[in-house]
Amino acid sequence: MPDGSRLLRVVIDTNVLFSAVAFPQDSPPSRVLDLARTGRIEAFVSGFILKELEKNLFRKAGWDAERISTLRKKLKGFLWVIEPASRVRGVAGKEDDDRILECALDAKAEALVTGSMKHIRVLGEFQGVRILTPREFLDRYFPA
Numbered sequence: 001m002p003d004g005s006r007l008l009r010v011v012i013d014t015n016v017l018f019s020a021v022a023f024p025q026d027s028p029p030s031r032v033l034d035l036a037r038t039g040r041i042e043a044f045v046s047g048f049i050l051k052e053l054e055k056n057l058f059r060k061a062g063w064d065a066e067r068i069s070t071l072r073k074k075l076k077g078f079l080w081v082i083e084p085a086s087r088v089r090g091v092a093g094k095e096d097d098d099r100i101l102e103c104a105l106d107a108k109a110e111a112l113v114t115g116s117m118k119h120i121r122v123l124g125e126f127q128g129v130r131i132l133t134p135r136e137f138l139d140r141y142f143p144a
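Under the working numbering, residues 1 to 144 are what the sequence shown spells out, in order.
Read the hints as simulated data drawn from the structure, not as lab findings. Check each hint, because a few of them may be wrong.
[Stated by the list, open to error] Ranges between beta-carbon positions, derived for each pair:
no., residue 1, residue 2, range
1, 139, 64, 34 to 42 Å
2, 127, 62, 31 to 39 Å
3, 60, 83, 19 to 27 Å
4, 65, 139, 22 to 30 Å
5, 118, 73, 27 to 35 Å
6, 40, 125, 17 to 25 Å
7, 23, 73, 17 to 25 Å
8, 118, 61, 17 to 25 Å
[Unchecked claim] Pairs of lysine to any residue residues, derived as SDA-like cross-links and limited to a Cα-Cα distance of at most 25 Å, are as follows:
no., residue 1, residue 2
9, 73, 88
10, 55, 118
11, 76, 54
12, 73, 115
Keep in mind that this is a model prediction, so the values were computed, not measured. Every residue gets a Cβ at the ideal spot worked out from N, C-alpha and C, and that includes glycine.
When you get a sec, could you build the whole thing from the sequences and use the hints?
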């Protein structure tokens, strides 16, 4: 658990947000989002991450525009939305994942929570940012 002097700065990847809101049962992704909602972590996303979330909710979960808009407003109530100035090229093996790394760098995040096991997670760490699955994040910083 963080030492209390300041909140842990965390970027939450699109796939974790999707799992947390599309399947809101008690799961590691939903617990990570709950930590942000209750102010126990300082959570960051970018406009890119939110757009990807909205696209996936529409295409994969069948959400309509009104429901997505309502969710966006709720998320903006407890997530910091930033537009990264940093540029990362060819690090994660996939351009979309490079955008996530840019967010983590500009947020000065200690952790990036992702379910993307193919490209971004295999890095393990990037410029001081730990890259963890939701379960790894919870086990490391918020053990039961």
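Hints, one by one, checked against the model:
no.	hint	result
1	139 with 64: 34 to 42 Å	holds (36 Å)
2	127 with 62: 31 to 39 Å	holds (38 Å)
3	60 with 83: 19 to 27 Å	holds (25 Å)
4	65 with 139: 22 to 30 Å	violated (37 Å)
5	118 with 73: 27 to 35 Å	holds (32 Å)
6	40 with 125: 17 to 25 Å	holds (23 Å)
7	23 with 73: 17 to 25 Å	holds (21 Å)
8	118 with 61: 17 to 25 Å	holds (21 Å)
9	73 with 88	violated (28 Å)
10	55 with 118	holds (21 Å)
11	76 with 54	holds (13 Å)
12	73 with 115	holds (24 Å)
Checked against the numbered hints listed earlier, the structure breaks hints 4 and 9; every other hint is satisfied.
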